[in-house]
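The listed protein sequences derive, respectively, from chains A and B.
Numbering follows the working numbering, in which position 67 of the first sequence is assigned residue number 67; successive positions increment by one, without gaps.
Numbering follows the working numbering, in which position 176 of the second sequence is assigned residue number 287; successive positions increment by one, without gaps.
Keep in mind that the hints were calculated from the coordinates and are not lab data.
What you were told as hints is all true, and nothing was included just to trick you.
Simulated coverage check for chain B against chain A, where a stretch passes if three residues somewhere in it have a Cβ under 8 Å from a Cβ of chain A:
#1 160-173
#2 181-188
#3 203-210
Pulled a few chain A residues facing chain B out of the computed Cβ check, cut under 8 Å:
#4 Pro56
#5 Asp57
#6 Met59
Straight-line C-alpha distance at most 27 Å; calculated DSS-like pairs for lysine-lysine:
#7 Lys290(B) to Lys338(B)
#8 Lys220(B) to Lys110(A)
#9 Lys220(B) to Lys290(B)
#10 Lys301(B) to Lys379(B)
#11 Lys301(B) to Lys41(A)
#12 Lys226(B) to Lys379(B)
Every value quoted in this text rests on a predicted model; they were computed, and no experiment measured them.
Glycine included, C-beta positions come from ideal geometry on N, C-alpha and C.
Listed below, chain by chain, are the residues.
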Amino acid sequence: MLAENITAIVARNERWTGAAASEPYEAGWAREAVVFIRALKQPGGKQPVVRVEISPDGMRWLPEGAHVPMPTTEDGMAILRVSHFGNWLRVAADFAPDAHSTVLVTIHLKG
Amino acid sequence: MTTQTSHDDMARALRLAMLQANPDLSRFDPLSRIISHDDFSRGHCGWSQLVGNYEDDLDSMLPGYAQHSSAMLSTLAHWDAGSHGGMDSSYALKVATRPRIGAQNVVIKRHTFRKRGPIRFEAYVTFKPEATELRLSEADVRSIGFLFDLQGGDQDGATHRVMPHLRYLNAENGALAQKWQFKSETTPFKPVGHTNSTATHYHLAPEGWRDLPGASQRLCYNEIPTKVNWTYLRFDFDLETMQATGFRCNDRVFDVGGFEPISIPAMKNLWCMLNFCMFVETDTAKRAFLYVDSICISGDF
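Start from the sequences and build out the full structure, keeping to the hints where you can.
Following this line, the structure appears as structure tokens:
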């Protein structure tokens, strides 16, 4: 049996401002996840760090530890790799009041 | 009795016995050929996000489609009781809306057909709102439903793209409705981009839903947001006449004599299309979840 391998699009052409996060995604079957964050348009303002968050219930979130700077140019990309994340997965970033980014967030799962 | 009749009777009896003895299929009543059987313990089984049409720029996608996100494999894990699980595996397909009043999400499986004849769609499903409150929340999910997207073959005289839609309107504006509805109209077509090669319409717009005769049905919703029960759905459609021929939900059989699908002029790239969608819509600023344990799509050909 081949391993399951799924690409999920959890944010597409979404303009992130303030406290931004991708929609909760359940992936308890997967042993590893790679998350790409692509800036579809030129980001505005100082770009924050984007972090992986995990959750016991899909409603309460904690930082998992993995984090990386948000892309600073149009079509720039950030990548996060994570394992041992339990079931729930999302990425989140806190933008300053004058900052924004329009993102494509894709999660690539294998298990 | 002729030898051929006897042979046909034996073949039917053998097929029925094999179906009924198979734990994966015994809960379905498929037509003679199973086109796909998905129980989501083997992955997403080809059910993917319905993405809207666009050209050059994602901003050209209609907002109704832009809100969609990918379905997931879920164990129906709840904060108070842990994983609920599916009917005979840990997993079900989960379609989740965003936490915004009226938000929708749609999952789709795309086939084509070999013969214009009867098809049958069967599924075991359930729905709940996100358990963000310690209350019953029975009016938080607006609707769940399914639709087909169909078009005849390029040489069989097909003139229309036909889209039967059926939904369970659970609640609207905070009031329980608990009834089955169909719709026979979509929004006007709108060109996408500037090359005249792509167009779009929003067939899940809130307008135009009409009650099936005897539409009311109270389902097993259970007593708190984290308890679910699986519900059986079966919808029959004839690709030859492009008419609904039957609808059943659990113990109730509904009259589809007045059912009308959406019908729009045939499109130039969709011959023999046989698409199936399932959708969910929230009535509050709370995520609504459609869970699908298993689906069996079959046909007579």
